[in-house]
Amino acid sequence: MNLIRLCRNCRNIEMESIIDAFNLRFTLVYLSVAFFAIILINEYVNKSKNTDEIQNILLLFYALVIILVIGTRNKVVGTDSARTLIYFNGSRVIKSLSELKDVGSYFISLFARKLSDNYKVFFTINAVLYIAPIVIGIRNLTQKNRFLVFFLITSMFFFKTMGINTTKQGIAFSFFFLAITFYDKKKWLSIVFFIIAFFNHASIIIPIIIFLTSNVFKNLNIIFFIYVASTVLSLIHFDLNTLLSNIPGVNILVQERLDGYYDKFAARNYKTGFRVDFFIFNTIFAIIGYYTLKNIKVLEEKLKYEKFYITYMLTSSFFFLMFSAAFSDRFGVLSWIFIPFLMYPYTQTRSKIGFINLFGIFLICFFLFLIFNFK
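Quick note, the sequence shown lines up with residues 1 to 375 if you use the numbering used here.
It is worth saying that the hints were derived from the structure and are not from the lab. A couple of the hints might just be wrong.
[Claimed, not checked] What follows is a set of in silico ranges between Cβ atoms, one per label pair, in the way DEER data are often shown:
#, residue 1, residue 2, range
1, R92, R139, 58 to 66 angstroms
2, K49, T72, 34 to 42 angstroms
3, I209, I18, 36 to 44 angstroms
4, K49, D117, 48 to 56 angstroms
5, I19, R92, 20 to 28 angstroms
6, V93, N221, 52 to 60 angstroms
7, I287, L115, 43 to 51 angstroms
8, F372, V103, 28 to 36 angstroms
9, V93, L235, 16 to 24 angstroms
[What the hints assert, rightly or not] The calculated DSS-like cross-link candidates involving lysine-lysine, where the alpha carbons are at most 25 angstroms apart (straight line), are:
#, residue 1, residue 2
10, K304, K186
11, K218, K144
12, K352, K294
13, K302, K352
14, K144, K304
15, K114, K101
16, K297, K144
17, K75, K120
18, K294, K304
19, K144, K47
20, K114, K144
21, K218, K101
22, K144, K75
23, K302, K185
24, K144, K352
25, K75, K114
26, K49, K297
27, K144, K307
28, K352, K297
29, K187, K144
30, K307, K185
A virtual CB, placed ideally from N, CA and C, is assigned to each residue, including glycine.
Construct all of the structure, not just a fragment, from the sequences and the given hints.
Next comes the structure, spelled out in structure tokens:
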């Protein structure tokens, strides 16, 4: 018995060392990204230099580095990493596509299996599908300071998590991000990417619908009312799951997944109820976003930013209503994915927007990473 316990302890120590080594590698990569970012910000803001050429090179280089770091990780890195291999290693056999929740993951697994039986090939393909759409989206979004936009995204605390743990949601986010960058240029292509995002993780339908219908809201006061009302309803433990189960269409798309989050066993293993920490976090960016919106002078940019801001506020409201569910942070991601868009305008100007400039945004991003990775 003691020998078995000793073997388990040795195994746990080995797993912890593997995870720690990965976290160290990822952190060192991020710190080097931040190092180049602050140098480039100084060149751009204080010296008025154009560094777009070197930024394009750095963007591609670090995209490849992160793909390798994430793709070659051990399967003990990331709580759900081993679980994502069920189709790849054949531990779960599908007889009909109707059995699948996320079709994309299944076909990615089949494709990877044809190439190799090494699970790191599967992880690497997932990493490419996670990082590549972000890079393409950044290049489509702007021709200026692309590496700085990449820095914004990699600074988000959910960036690593979606790369190694909630990988299906990560791929969905990436194609959602790509779809948004095409929305004003090629709507048909944007819709295609929205569909790909949905097939990788059905929950992405929520920000998709909100984004596509955000133009309905012409008055920000209505948005603020919804935000406050959602907060109050969350405080009194409003049962959103029951409401959604009675809405045609929504119940078919996400109900089975939502039931899992409201499972009593899941709730015992996760902090539920009103989350003050998440509420404060989202509200900070709600304030920053509103302040930025009021200080954008160019009408076209203002209208585009307003669409991002409204979507962020409404997805945040939905997030608050999900506080009573287990793993509510996975719904938080549906709002957090808009934070880079809220801060994006600062990468496109040397001047301050109000009293915040690019250096201020760098500090916010950098300390966000430190707080959530070293807590």
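For K114 and K144, compute the direct alpha-carbon distance and say whether it is at most 25 angstroms.
violated, 40 angstroms
- prompt: Measuring from beta carbon to beta carbon, are R92 and R139 in 58 to 66 angstroms?
  reply: 37 angstroms Cβ-Cβ, so the 58 to 66 angstroms window is violated.
| query | Between K297 and K144, does the CA-CA distance stay at or below 25 angstroms? | reply | Answer holds: K297 to K144 is near 19 angstroms, not above 25 angstroms.
Return holds or violated for the Cβ distance of I209 and I18 against the range 36 to 44 angstroms. The hinted range 36 to 44 angstroms holds for I209 and I18, with Cβ atoms some 40 angstroms apart.
For a C-alpha distance cap of 25 angstroms, please report whether K304 and K186 respect it. holds, 15 angstroms
Assessment of proposed distance window 28 to 36 angstroms (beta carbons of F372, V103): holds, 31 angstroms
| Holds or violated: are the alpha carbons of K114 and K101 at most 25 angstroms from each other? | Between K114 and K101 the Cα gap is close to 22 angstroms, so the pair holds against 25 angstroms.
Q) Okay, I287 versus L115 on CB: inside 43 to 51 angstroms? A) This hint holds: roughly 47 angstroms between Cβ atoms.
Exercise. Given the hint that K75 pairs with K114, does the C-alpha gap stay at or below 25 angstroms?
Worked result: With a Cα-Cα distance of about 19 angstroms, the restraint between K75 and K114 holds, given a limit of 25 angstroms.
Exercise. Is K302 within 25 angstroms of K185, Cα to Cα?
Worked result: holds, 17 angstroms
- Query: Straight-line Cα separation of K75 and K120 no greater than 25 angstroms?
  - Reply: holds, 8 angstroms
Margin query: Is 52 to 60 angstroms respected by the C-beta to C-beta distance linking V93 and N221?
Written below: holds, 53 angstroms
Violated hints, in rising order: 1, 9, 11, 20, 21, 22; the structure is consistent with all others.
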